[in-house]
Structure formats: structure tokens, C-alpha cells
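Enquirer: Below are the chains, spelled out letter by letter.
2 protein chains.
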Amino acid sequence: MSNRPFVIDFLHAGGIHLSQYDHHIVRKLSSLRGQFLDQEIYEAMLRAQDPILYEVYEVKGAEVAGELIHGITIIHPGKVGTEYFMTKGHYHLLLDTAEVYYCLQGQGSMVMETPEGDWAVEPLRPQSTLYVPPRWAHRTVNTSPSEDLVIFFVYPGNAGHDYGTIEKQGYRKLVVERDGKPEIIDNLRWLPPEKR
Amino acid sequence: MSNRPFVIDFLHAGGIHLSQYDHHIVRKLSSLRGQFLDQEIYEAMLRAQDPILYEVYEVKGAEVAGELIHGITIIHPGKVGTEYFMTKGHYHLLLDTAEVYYCLQGQGSMVMETPEGDWAVEPLRPQSTLYVPPRWAHRTVNTSPSEDLVIFFVYPGNAGHDYGTIEKQGYRKLVVERDGKPEIIDNLRWLPPEKR
Numbered sequence: 017m018s019n020r021p022f023v024i025d026f027l028h029a030g031g032i033h034l035s036q037y038d039h040h041i042v043r044k045l046s047s048l049r050g051q052f053l054d055q056e057i058y059e060a061m062l063r064a065q066d067p068i069l070y071e072v073y074e075v076k077g078a079e080v081a082g083e084l085i086h087g088i089t090i091i092h093p094g095k096v097g098t099e100y101f102m103t104k105g106h107y108h109l110l111l112d113t114a115e116v117y118y119c120l121q122g123q124g125s126m127v128m129e130t131p132e133g134d135w136a137v138e139p140l141r142p143q144s145t146l147y148v149p150p151r152w153a154h155r156t157v158n159t160s161p162s163e164d165l166v167i168f169f170v171y172p173g174n175a176g177h178d179y180g181t182i183e184k185q186g187y188r189k190l191v192v193e194r195d196g197k198p199e200i201i202d203n204l205r206w207l208p209p210e211k212r
Numbered sequence: 017m018s019n020r021p022f023v024i025d026f027l028h029a030g031g032i033h034l035s036q037y038d039h040h041i042v043r044k045l046s047s048l049r050g051q052f053l054d055q056e057i058y059e060a061m062l063r064a065q066d067p068i069l070y071e072v073y074e075v076k077g078a079e080v081a082g083e084l085i086h087g088i089t090i091i092h093p094g095k096v097g098t099e100y101f102m103t104k105g106h107y108h109l110l111l112d113t114a115e116v117y118y119c120l121q122g123q124g125s126m127v128m129e130t131p132e133g134d135w136a137v138e139p140l141r142p143q144s145t146l147y148v149p150p151r152w153a154h155r156t157v158n159t160s161p162s163e164d165l166v167i168f169f170v171y172p173g174n175a176g177h178d179y180g181t182i183e184k185q186g187y188r189k190l191v192v193e194r195d196g197k198p199e200i201i202d203n204l205r206w207l208p209p210e211k212r
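Heads up: the protein sequence lines correspond to chains W and L, in order. FYI, the working numbering numbers position 143 of the first sequence as 159, with every residue one higher than the one before it. FYI, the working numbering numbers position 133 of the second sequence as 149, with every residue one higher than the one before it.
Since the hints were made in silico from the structure, they are not lab data. In this text, all values refer to a predicted model and were calculated from it rather than measured experimentally. Heads up, a few of these hints could be off.
In this list, chains with the same sequence are indistinguishable; a pair is considered to hold if it fits within one copy or across any two.
Unchecked claim - In silico lysine to any residue, SDA-like type, Cα no more than 25 Å apart, as pairs:
no., residue 1, residue 2
1, Lys189, Arg20
2, Lys76, Trp135
3, Lys197, Glu74
4, Lys76, His106
5, Lys184, Gln143
6, Lys104, Glu56
7, Lys104, Pro161
8, Lys76, Val137
9, Lys197, Val23
10, Lys76, Gly173
11, Lys104, Asn19
12, Lys211, Leu120
13, Lys95, Leu110
14, Lys76, Asn174
15, Lys104, Gly94
16, Lys184, Arg20
17, Lys197, Thr98
18, Lys189, Arg43
19, Lys211, Leu34
20, Lys76, Ala136
21, Lys76, Gly176
Produce the entire structure from the sequences given, and follow the hints as far as they go.
Expert: What follows is the structure, given as C-alpha cells:
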């Protein structure tokens, strides 16, 4: 990334693309092993194919305090059983760092929780922001049956990512489809703070 | 501002409004004394009226490292002589902090410079981001003859604002209308680093 000011265009041709970026991260179904509720359906799906669940286009300079990393995340529509496609989700490695989202397209939810087990699920809808305060782990869920969810993100350059904690303990809440609508349910495999 | 996650909607009814915010800053012509090129026209305009040049709606928690302040700036269309309406502009008080913009509506320019006198002017147009690296002062200019310029911003909670430096030394470059189009010109009253 340049250390001079620069402009990036969001191109809307067959989905949203950035005119430039530093990293393109592609996460397939196989990279979310152990995260979905129905492990049998997950394994059966994976034997048939390994679809892309989401992609991140990141604009990134030095990973230091004062810098801002920004970009877009695109979560494709789909489900594993009744559970919607979602990101792995993470805590920031530097826990006391926030993140701001602006939703560009689609419909979804942000599933969040603190190390103490407090939780929140907030909607993602076009032309709205979502503020994730410091200390809240966050996972993005696409609840549309057919449309990509596209969100613009900004977070501090020194935030870093802690994926391991969530991989181990899971999220307290999951978002599944019930009667054609998103519903928040308890994750029975979630490890509460006292059992970690 | 809450320390739990929250959503803000960008309402598009007669201009863009936020469904919630912590501060509403209103800057009138009178607050930009000494910043416009043509001081005579400025004073004559001010004797007739004191119009609102721009407004900021800010969502703001603790002003500490790791937090992110976000919101929108609305610069109204207009000119002082040939010079377009603009923001005061500032350095961040903590100089080594960046800012990220996403343009929601309108047409404009961001006028930027470093303490060493390096300068840049980048366009603001809908569906594009502008990255302002650490150390760059920034001023927003609305170059549309009739439309509000509306930009979404995110910057570090501990950045702070230094308006005084720019008030004293001015910006190296100005944006004026020539033959109905924006043109970048030198500011003859700018104080270069060696004269400060």
C-alpha cells in the first residue's frame, strides 16, 4: 500500500469489486471444520464439493497503531443444513480495538460476544453501519437465500486476529433458518467461561 | 455512545441523515475567516448572511487508542468568489493517525498536505474510498454546483484535531472554479515550512 493518499473505486459489475487491494483472502467450506452445528451434513457436503463461503479484499499498510486497515468482505449465500454460510469470526489479538462496518449490499447478521460470555446479534442491511466495540468477537452471517452480503470494514492497523479462541470455544449463538426466516439459537457446543 | 454493539441507519429522506449520533457540528461561513482566497468577497458575503458551509454528525465513544470515531460530513454547495465551499481542515493532533472515507453522494476533492509541504488532491465520488495516511492534513471541498457532498469517515479514537496549524499557515493548494470546472491553484498566502 502507498503511504500517499489514494482512491479506490467500488466497481459494481457482476458483484462488488475494488479497483485495487493488497490481499485477497478466499475461505472455503473446508476451512470452517468444527464450526457448523450439524457436523454430519458438513462432512457430507464437503465430500461432494468445497465451495467458497466468503472472500475478503483488504487494503493494508503497516500493521501499527494509528494506521487503519480497510476493505470489503463478501459472504456468499448458502447453508450447511439449516445454518447460514458465515465467516470464521475472531477476536482482535489486541482485544481493546474496535471495528466499524458499513453494509453495501445484502442481508445478514453480525454475531458477537465478549470473553465473559455477553452476546449480541445485530442486523446488517444496506446503508447502515454496525459498530463493534473493543473486546467483542465478531462473525458475519449471510441470511439471504440468494444474494451476496457485502460489507465495508475499517479496523485499527495493530488489531491483529485471534481465530484460535473462537475455534476452540465456539460462538454462544448461531443463526439458522426456521420457517424461511433467520432465527438465533443457542450453540450447545459452546464452552462457557468457567469451562475454558 | 453505548459500549455494546449497535446499528445506525443512513436515512435518505431529503438528504442523508443518521438515525443516531453523539455530536452535530455546524460550521458557518464566519468560522472560516482567513481561509478563503478572496477576503473582500468573503467579508461582503458575511455582511449579507452567514450561511452554513458544512455539518458533521459524529458517533463517538471514549477518545482513546483502539476506539474508532465515525460519522458523516455534509458539505453544502456554494462558493466564495470562485472558491468552493470547504471544511476548515486539520491535522490530527496525534499526527501518526490515518483516516478512511467512503463517499456516499456528490462530487468533491480532498486537499491534503504533510508538515514538510508535500501535497495531494484526490477526487471524492460516490462508491469510492479515500485513504488519508498518517501525517496528512485534510480538507474536504464540494465542487458540485448544486448537490451536497456527503462522506462517511472513520478515524482512530485518540487522533484528536489540530486546527490551529492550518489556520496559521493555510493549505498549499486551493480548489477554484475555472470555466465551470474545478481547478487546483497555488495558495499565494501559504506559509512554506522554512517560513513557519
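Enquirer: Does each hint hold? Answer for all of them.
Expert: Hint by hint, here is what the structure shows:
In this assembly of identical chains, Lys189 and Arg20 lie within 25 Å of each other by CA distance solely across copies; the values are 16 Å between and 42 Å within a copy. Proximity of Lys76 to Trp135 under the C-alpha cut-off of 25 Å is restricted to the inter-copy arrangement: shortest distance 22 Å between copies versus 29 Å within a copy. Taking the shortest Cα distances, Lys197 and Glu74 never come within 25 Å of each other, neither inside one copy (31 Å) nor across copies (34 Å). For a Cα distance limit of 25 Å, the shortest separation of Lys76 from His106 qualifies both inside one copy, at 18 Å, and across copies, at 24 Å.
Within a single copy, Lys184 and Gln143 get their C-alpha atoms no closer than 34 Å, and across copies no closer than 38 Å, so neither meets the 25 Å cut-off. Only within a single protomer do Lys104 and Glu56 lie at most 25 Å apart by alpha-carbon distance; the minimum there is 19 Å, versus 60 Å between protomers. With identical chains, the CA atoms of Lys104 and Pro161 are at most 25 Å apart within one copy only, with a shortest distance of 20 Å there and 46 Å across copies. In the homo-oligomer, the alpha carbons of Lys76 and Val137 lie at most 25 Å apart only across protomers (21 Å), although the nearest pairing inside one protomer, at 28 Å, exceeds that limit.
Taking the closest pair of Cα atoms, Lys197 and Val23 come within 25 Å of each other only across two copies (20 Å); inside a single copy the shortest separation is 38 Å, beyond that limit. For the homomeric pair Lys76 and Gly173, the shortest alpha-carbon distances inside one copy (8 Å) and between copies (19 Å) are both at most 25 Å. In this homomeric assembly, Lys104 and Asn19 come within 25 Å of each other (Cα to Cα) only across copies, at 23 Å, whereas the closest approach inside a single copy is 31 Å. Proximity of Lys211 and Leu120 under a CA criterion of 25 Å is satisfied in neither setting, with 39 Å inside one chain copy and 46 Å between copies.
In this assembly of identical chains, Lys95 and Leu110 lie within 25 Å of each other by CA distance neither inside one copy nor across copies; the values are 32 Å within and 45 Å between. Within a single copy, Lys76 and Asn174 get their C-alpha atoms as close as 11 Å, and across copies as close as 20 Å, so both meet the 25 Å cut-off. Taking the shortest Cα distances, Lys104 and Gly94 sit within 25 Å of each other inside one copy (15 Å), while across copies they are farther apart (48 Å). When the C-alpha separation of Lys184 and Arg20 is checked against a cutoff of 25 Å, the pair qualifies only between copies, where the shortest distance is 24 Å, while the shortest distance within a copy is 40 Å.
Within a single copy, Lys197 and Thr98 get their C-alpha atoms as close as 10 Å, which meets the 25 Å cut-off; across copies the closest is 55 Å, which misses it. In this homomeric assembly, Lys189 and Arg43 come within 25 Å of each other (Cα to Cα) only inside a single copy, at 21 Å, whereas the closest approach across copies is 45 Å. In this assembly of identical chains, Lys211 and Leu34 lie within 25 Å of each other by CA distance neither inside one copy nor across copies; the values are 43 Å within and 42 Å between. Proximity of Lys76 and Ala136 under a CA criterion of 25 Å is satisfied inter-copy only: 20 Å between copies versus 28 Å inside one chain copy.
For a Cα distance limit of 25 Å, the shortest separation of Lys76 from Gly176 qualifies both inside one copy, at 12 Å, and across copies, at 23 Å.
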